[in-house]
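Put together the whole structure using the sequences plus the hints.
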Amino acid sequence: MGGIHMSKLTVYLARHYDDLLEALLEHLQITAVTLLFSLLIASALTILAIYSKKTGEILVHIFSVLYSVPSLAMFAFLIPVTGLGKTTAVIVLVVYNQYLLLRNFISGLYGVEPAVVEAAEGLGMRRMQVLCQIRIPLAKRALFTGIQLAVVSTIGIATIAAMINAGGLGTILFDGLRTLNVYKIVIGSILSAGLAVGINALFKVAEKRM
1 MGGIHMSKLT VYLARHYDDL LEALLEHLQI TAVTLLFSLL IASALTILAI YSKKTGEILV
61 HIFSVLYSVP SLAMFAFLIP VTGLGKTTAV IVLVVYNQYL LLRNFISGLY GVEPAVVEAA
121 EGLGMRRMQV LCQIRIPLAK RALFTGIQLA VVSTIGIATI AAMINAGGLG TILFDGLRTL
181 NVYKIVIGSI LSAGLAVGIN ALFKVAEKRM
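1 is the number of the first residue of the sequence shown in the UniProt record's numbering; add one for each residue after it.
One or more of the hints may lead you astray.
[Said to hold, decoys possible] Restraint-style ranges between C-beta atoms, simulated for each label pair: (1) Leu84 <-> Lys204: 31 to 37 Å; (2) Ala14 <-> Val116: 57 to 63 Å; (3) Arg141 <-> Pro80: 54 to 60 Å; (4) Ser64 <-> Gly111: 31 to 37 Å; (5) Asn200 <-> Val33: 18 to 24 Å; (6) Gln129 <-> Ser107: 18 to 24 Å; (7) Lys140 <-> Thr10: 40 to 46 Å; (8) Val11 <-> Phe37: 35 to 41 Å; (9) Pro137 <-> Tyr17: 40 to 46 Å; (10) Thr10 <-> Gly111: 47 to 53 Å.
[As the list claims (entries may be wrong)] Simulated crosslink set (DSBU-like; lysine-lysine; CA at most 35 Å straight-line): (11) Lys204 <-> Lys140; (12) Lys53 <-> Lys204; (13) Lys8 <-> Lys140; (14) Lys140 <-> Lys53; (15) Lys54 <-> Lys204; (16) Lys140 <-> Lys54; (17) Lys140 <-> Lys208; (18) Lys8 <-> Lys208.
It is worth saying that the hints were derived from the structure and are not from the lab.
Quick caveat: nothing in here was measured; it's all calculated off a predicted structure.
Note that CB positions come from ideal geometry on N, CA and C, so glycine has one too.
Now the structure itself:
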């Protein structure tokens, strides 16, 4: 493994198990908090956009531009205002997630057959009733895909957020790069990638059962 001794790697894992677990839990915490705020904001914006196609297009365009900005640049832009740490990381991650969520939420809800919506409205259903009882159930796959993309993206970018003292698995990876500790680099990379792949696999399983 390019100079890596499996026995030493095993010893490192045994000695630093608590630190690795703490970093993993911290990473999951950042992901969970980010997803919560992302869904709340995206849901509110989607409700605004669903009744105005132009509004939806504008929102998606704005967040697509923000999504194209490199994460380190976004962190650097916010640090003078919110400082180093988790707060800055979560804000940036929430902003990035809006593009992934809104794009899928809006396209999914717009994709519902107009005839179905008109029939529901003809029966006297109000807009929110149509949204909750007709549009959302019929668009659930698109909504689910948006959430899946947001979670996996958050896990990946949260790794980079360790550079601004946000914690998480990236701390192990970047500390390894700083100290040239190959074991930290390998373990940090495996855990970060493994978490993203594992969560994505869980989403795939859940999607098949929908």
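How the hints compare with the structure:
A beta carbon spacing of about 35 Å between Leu84 and Lys204 agrees with the range 31 to 37 Å that was offered as a hint. Separation of Ala14 from Val116 is about 58 Å and conforms to the stated range, judged on CB atoms against 57 to 63 Å. Roughly 41 Å separates the CB atoms of Arg141 and Pro80, a value that falls outside the hinted 54 to 60 Å. The hint said 31 to 37 Å for the Cβ distance between Ser64 and Gly111, and at roughly 19 Å that hint is violated.
The hint said 18 to 24 Å for the Cβ distance between Asn200 and Val33, and at roughly 20 Å that hint holds. For Gln129 and Ser107, the hinted distance range of 18 to 24 Å is satisfied, since their beta carbons lie about 22 Å from each other. Taking 40 to 46 Å as the suggested C-beta distance range, the pair Lys140 and Thr10 conforms, at roughly 44 Å. In this structure the hint that Val11 and Phe37 lie 35 to 41 Å apart at CB holds, the actual value being about 40 Å.
The hinted window of 40 to 46 Å between Pro137 and Tyr17 holds, with their beta carbons roughly 44 Å apart. For Thr10 and Gly111, the hinted distance range of 47 to 53 Å is satisfied, since their beta carbons lie about 51 Å from each other. Straight-line distance between C-alpha atoms of Lys204 and Lys140 comes to about 14 Å, which keeps the hinted pair within the 35 Å bound. As the CA atoms of Lys53 and Lys204 are separated by approximately 30 Å, the hinted pair is consistent with the 35 Å bound.
At roughly 47 Å between alpha-carbon atoms, Lys8 and Lys140 are farther apart than 35 Å, so this suggested pair is violated. For the hint linking Lys140 to Lys53, the alpha-carbon distance of about 19 Å falls within 35 Å, and the restraint holds. For the hint linking Lys54 to Lys204, the alpha-carbon distance of about 32 Å falls within 35 Å, and the restraint holds. Taking the CA atoms of Lys140 and Lys54, the gap is about 23 Å. The hint holds against a cut of 35 Å.
Note on Lys140 and Lys208: the hinted pairing holds, with a Cα-Cα distance of about 13 Å set against a maximum of 35 Å. For the suggested pair Lys8 and Lys208, the alpha carbons sit about 40 Å apart, so the restraint of at most 35 Å is broken.
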